[in-house]
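Given the structure of chain A, go ahead and fit chains B, C and D onto it with the hints provided.
The chain contents come next:
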Amino acid sequence: MSSLSYAAPTSVDEAVKLLAGASGLAKVLSGGTDLLVQMRSGRLKPELIVDTKKIPGAMGARRENGGWVIGAATPGAVLEANEELKAEWPGVIEALDLIGSTQIQGRCTLAGNLCNASPAADSVPAMFAAGAICVVVGPNGKREVPVEQIPAGPGRTNLAKGEFILEIKLPARPPRSGDAYLRFIPRTEMDIAVVGCGVSVTLNEQGVCTAARVSLGAVAPTVLLVADAANALIGHTLDADTLAKLDAAAQAACKPINDKRGTVEYRTKVAGVLARRTASIAFDRAQGKSSGKAH
Amino acid sequence: MNYIDSGLKVVGTRPIRPDGVDKVTGRAVFAADTRVAGMLWGKILRSPHAHARIVKIDTSKAEALPGVKSVCTAADFPDIPSEEAFVGEGPMNFRDLSLNIMARGKALYEGHAVAAVAATTPAIAGEALGLIDVQYEVLPFVIDVEDAMKDGAPILHDDMFTQGADPKPTKPSNIAKVVKFKKGDANAGFKDAEVIVEGRYTTKPVHQGYIEPHACLASYNADGQVNIHASSQGHFMIRAYTAKLLGIDMASIRVNPAEIGGGFGGKTLIYLEPVAVVLSRKAGKPVKIQMTREEVFRGSGPTSGAAIEVKIGAKKDGTIVAAQQVLKFQAGAFPGSPIGPGCMCGFALYDIPNVDVLGYDVVSNRPKVAAYRAPGAPITSFAVESLLDELADKLGIDPLALREKNAAKNDTKTHYGPTHQNIGFEAVLAATRSHPHWKTPVKPGQGRGLACGFWFNIGGESTATVHVNEDGSVTVATGSPDIGGSRASMGMMVAEVLGVDISRVRTTVADTASIGFTHLTGGSRVTFATGMAATQAAEKVRDDLKKRAAQIWEIPVDAVEWKDGKAYPAGSNAGAFEPLDLEAIALKAARTGGPINAEVSVNAQGAGAGFGAHICDVSVDKETGHVTIERYTAVQDVGKAIHPSYVEGQIQGGAAQGIGWALNEEYIYNDKGQLENPGFLDYRCPVASDVPMIEAVLVEVPNPRHPFGVRGVGEVPIVPPMAAIANAIRDAAGVRMPDLPMSPPRLRAALDQAG
Amino acid sequence: MPKVVLSSGSSLQALTGGQTEFEVEATTFRRLVLELERRFPGLGKQVEEGMAVAIDGEIYQDAYGAELRPGSEIVLIPKIGGG
Amino acid sequence: MAKQYVLTTINGETTEFLCETQQTMLDVLRDVVGLTGSKEGCASGDCGACSILVDGRLVCSCLMLGVEAEGKTITTVEGIAEGEKLHPVQQKFLEHAALQCGFCTPGFIVAAKALLDENPNPTETEARYWLAGNLCRCTGYDKIIRAVMDAAAEMRGETAR
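Residue numbers (this note's numbering), protein chains in the order written: chain A, 1 to 295; chain B, 1 to 755; chain C, 1 to 83; chain D, 1 to 161.
Just chain A, with the same shape it has in the complex (with noise of 0.2 angstroms):
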């Protein structure tokens, strides 16, 4: 029988050791929601598990130097409860907020999103448009790596053994911001998506976009960030032409395959539709107009 030993440490350091130090396979665990999943169906046989909810810094949001730190093991929940947040960062919580229901809610957090590392994430996308910076810590101390580096493909990503993500940093937003982001699934909940689209933008006093990230999920084996369909936003307001070739670079941007959930063919148009409906949201809030809330 492999056994399989828990631990909560209450500092960094002791995490890190704990981590570093295994023989054999360690997760970390914050939500849990991804990783007892793959226990119990037996894909994941890990020997340690180390809870990360306990460690100073990892549970709870903070302001800092205009921006935001979220810790890592913070449920979506807490997160989709700061209004302070959520104005500010609409795309990203409500990326957030759509993972799984609200039961799921109640534990997942955007670093376990972010390292499960699956392509079809809801909250990455969002995380890659707005510039999130990833604060890691490991056995040879703190670095911040943005968080386009973290996934490496379905299931993997960069960290090196003995490092984890502690905190999540929002940077500061200039004015005339704001970001959004869609997903499509069959059902109106519930589901892993099919696409997903973040989009985040600063735009000048005439509605012309001064600076814009747009990413994509479930389109090929990490979560894009697509520059083509970016520079298509940057120098124009959201018109027709603007829009018609958001749709076509975003398109591009597709390498999906056929499974369970979409075909090549649908991903790549429905990819098109979500990049056109994420960026006239994320337009409208930087221009302060309210938008609907993604569901």
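Calculated from the structure, these hints are not laboratory results. Treat each hint with caution, since some may be false.
To be verified - One side of the interface only, derived from the structure: several residues of chain A facing chain B at Cβ under 8 angstroms:
{"id": "1", "residue": "Lys54"}
{"id": "2", "residue": "Ile257"}
{"id": "3", "residue": "Lys260"}
{"id": "4", "residue": "Arg261"}
{"id": "5", "residue": "Thr268"}
{"id": "6", "residue": "Lys269"}
{"id": "7", "residue": "Val270"}
{"id": "8", "residue": "Val273"}
Quick caveat: nothing in here was measured; it's all calculated off a predicted structure. Even for Gly, the Cβ is constructed at its ideal location relative to N, Cα and C.
Structure of chains B, C and D alone, referenced to chain A:
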């Protein structure tokens, strides 16, 4: 005695069900909730291959694992000759049932049970499964029904020859049976038709989706007595099938009915009980087996996937003169798809002079098909009701008018033989036409669809007892598992007959040793058949109460009258004595002859057929193909609603299952014939935010063959939804979707094609 | 004489040499089944174990005692289960 | 394999148990502590029949390890009523016949209580999206939503809308 239209006091009201508090407080005991001392945990090893010969099974390493107490394979089960006996649900072939519960020589589908272990903890049992070495010779497989019919398709059963084929076949085939139904002359009818419409429709296998996985706890005692605690739609069925498969006397098997967490037909047969009994016998300890959700999807029967061609000919005024159907139903690993009802139900709603229906029952490498709510009817009606929508469109007639013009009435002869009696289809259509939903114009951007449905509803054997307790309260017991509130309706019928308040009547479900045989809960039969037994038992008790009063008052029994729960002296003795209620009579029970109770068994005949019509408004997101159900109304003839809330609940639940079947439910296989979505994440049942309120409209055309006018209600509501939604999509987006499910990728592709 | 109609077509026709309608002298369902077995060996057994019967339009799943009037029309149909 | 000692509070009672690391909170509740009200419908967080409250927050007990219960306050369906006095949600589920087989009911009762604790006046849509994690196959959700809205109205002191 007949109570139709006789000023009812209890029947028709909405009391709280007797088992309700336990269910909202978590105290109700379902199959997996029981533990006994010394209990072992059983787990089943299932074939990873869709089709494979089992060359050798080596269980030695598993048996050696500390904590493993017993292991079993097909060798531990009697090899039953191909004997077909009808016990319980449908013509169940006991050889097939035994082979389905434990594969012998050949694994016929991915998930097919090949061995089982019992150990002291679930973890040890799980590990032991990994130590069982099964040598397979993987064979080519076939899943799709039409592929399975082709020459050269991999043959599942070398000894199976098509039954009912002309001339008698010489080669084994995957086609188990051919069924034909004829009325009049279809060819002549089509020549007479002024308009002909045709269509090919396909449906995918879908699962009943009950939230409670199958579970049981069995113990085989030293003296050969067997105790089973399990949830099912029929504990008498469990006893009969387990006795048959293991060669044990039914008297030696006692099955205690746990609360059942949903069945919808999927728990009208057994998967685990014989395995648990064998493991218990070999280990000398009770064994509990509990399927995981993945096992439920890989190892238990869905309803058939199907391919249907249908043709309808009509006059310009909408009168249908000819109808033809060819149905191919997937039966899974063993024969037994619902091809019979599938052939019968499609045109049963209409008065058509010339009908020709041909049906095929076809095996393929998928789990053995099990019943699913009006088995076969939703599939055939999806095709017929979709094509009728095309016909109405072609003729420029309103779809409801087309149904009204051709609706079956009393004395309409069906194409499968019987003549409709006491049916309420016209009343349903009238109620539909006058309903606000039908009368309000469709909102801009939305589409509206109409479809109708039929189901026979069955009667059959039931037993009920009524006991008057010493304090005058009443205990009712029946042999019918209560899935949707039938304990409430049983108690209400008894309370009505005895004239007492429902709060003084408690109903329970008795185990197989405590009540007479009762056929399983299915076919929408319980309120009809078991209700009939309970009503007759209450009448016997009422007569006994009058006899006791007569004795107390020393007057002839026919001089006693029963009214509003009391005995009254009547005729010349009127007013001579104070009336006696149950409590007063029960007090004297010992002196007047002993306990007051009655047990009645019936084989209920005259089950009234049920008809329904559903109206559905949808909106379609044309860029993603996503369908939103905006409004849903289900009109149905329910005969007499004993407890209206639970009748409405059956209609709402059946409609929601139909919505899931229409939009997103399907099995997805990989290229090795293995299921890729064996879980509630990717097998997409509707969630609360997917559906609006579902308005259930109860039309009451009493069934005279039941004391309260009851007809079955549980199965009709799942028949209309798929076509109602398909017709609404055509109205909203202009595309006809002939293949289920009408999921977003399929709808978007159809919209792109339509340009 | 009550008239028997085979509606589930071909699978039973094999036993009746292709006949789908014929008359049988019987006053109860029990007597009818015995008569069918006598005249078409195998048919009675098949009806007994796996068929339901519609007598003048009403479906009887398994009633020996059901009476048959001289003008009765009896239709043999597959037994109907439920879900 | 060494079991871990856990001290927690379940339905207001101080409770201690031993469990193996891989046992989920659902396994512990049902097989160790003996509270079988929470049900296993899928063990993958997709059906909600195992819903419980942990420190007042709604979670699936099948997606939480038993060892994580240390020092927490757990509420299961068995703890929703106060003695024999049913919670309004429980009472309304009975009055509205918002259950048929009753297997999903424990999960819905806990989830609905959590909803009304957080949002005393939910719209139908808010209630449906909050409860989307609780699968029901019998009722089609209609009467469940009506029962939840009616309970909300009663708890706000209004008669049913």
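How the hints compare with the structure:
1. Lys54: Constraint on Lys54 of chain A not satisfied, violated at 27 angstroms.
2. Ile257: violated (13 angstroms)
3. Lys260: holds (4 angstroms)
4. Arg261: holds (7 angstroms)
5. Thr268: violated (11 angstroms)
6. Lys269: Cβ of Lys269 of chain A sits 7 angstroms from chain B, so the hint holds.
7. Val270: holds (6 angstroms)
8. Val273: With Cβ-Cβ at 4 angstroms, under 8 angstroms, it holds.
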